[in-house]
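For the record, the sequence lines run as chains A and B.
The first sequence begins at 1162 in the numbering used here and counts up one residue at a time.
The second sequence begins at 4 in the numbering used here and counts up one residue at a time.
Mixed in with the good hints, there may be bad ones.
Stated by the list, open to error - The calculated SDA-like cross-link candidates involving lysine to any residue, where the alpha carbons are at most 25 Å apart (straight line), are: (1) B:Lys60 - B:Val47; (2) B:Lys59 - A:Glu1264; (3) A:Lys1174 - A:Val1275; (4) B:Lys39 - A:Ala1248.
Quick caveat, the hints were computed from the structure, so don't treat them as lab data.
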Amino acid sequence: ETGVTQSPTHLIKTRGQQVTLRCSSQSGHNTVSWYQQALGQGPQFIFQYYREEENGRGNFPPRFSGLQFPNYSSELNVNALELDDSALYLCASSFKLAGATGELFFGEGSRLTVL
Amino acid sequence: GQQVMQIPQYQHVQEGEDFTTYCNSSTTLSNIQWYKQRPGGHPVFLIQLVKSGEVKKQKRLTFQFGEAKKNSSLHITATQTTDVGTYFCAVWGGATNKLIFGTGTLLAVQP
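Chain A extracted, bound-state conformation:
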């Protein structure tokens, strides 16, 4: 196992609600990236956090936001949920900044269903 833990593992929300997903990075890692994986698709980059600041963002609207804490754990917040937000949300930690050829260590993911 990677040592990256995510919670909750599964959750169901209704359209318009807000959700917070949590991630604890692997020990020694200082960078956290979040990915959205729709069924049958590859993971899509949402954003990355390094030193508690957003350090790169994919093509996701502002209602997707995040935080990184001093212990390098992270949260992903999604406001005004839409049906298309239903997906597996993956957290990945790494030691170096993304782009520096490092591998990513993924957690088990949080599966969000929006009704």
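Could you slot chain B onto chain A? The hints should help.
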């Protein structure tokens, strides 16, 4: 933006047969990574290739980076049921600090 295409999307083999998935980019890549995702699981890093023409082996898995660094392949010899899953190639997106995943190849192995 940068995209990587994988073929085939899906492959069904009999146990013991070989399997290959290909990853193609329109631009020159600095490096490429491969991940495996078991059904219901999360992506797990397999390997990273950096050099032009590089070939790396992990037991029955052979990874290759093209001479022009625009394509890569993963070959599995004598597949086993434990090889079932989706295989993704992935490349770094440079300034955006994102890892861009290919479309993936789903491998099904019939015992």
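Each hint, compared with the structure:
In summary, the hint linking Lys60 of chain B to Val47 of chain B is supported, as the alpha carbons are separated by about 17 Å, within the 25 Å threshold. A C-alpha spacing of about 16 Å is found between Lys59 of chain B and Glu1264 of chain A, which places the hinted pair at or below 25 Å, so the restraint holds. About 5 Å separates the Cα atoms of Lys1174 of chain A and Val1275 of chain A, which keeps this hinted pair within 25 Å; it holds. For the hint linking Lys39 of chain B to Ala1248 of chain A, the alpha-carbon distance of about 18 Å falls within 25 Å, and the restraint holds.
Checked against the numbered hints listed earlier, the structure breaks none of them; every hint is satisfied.
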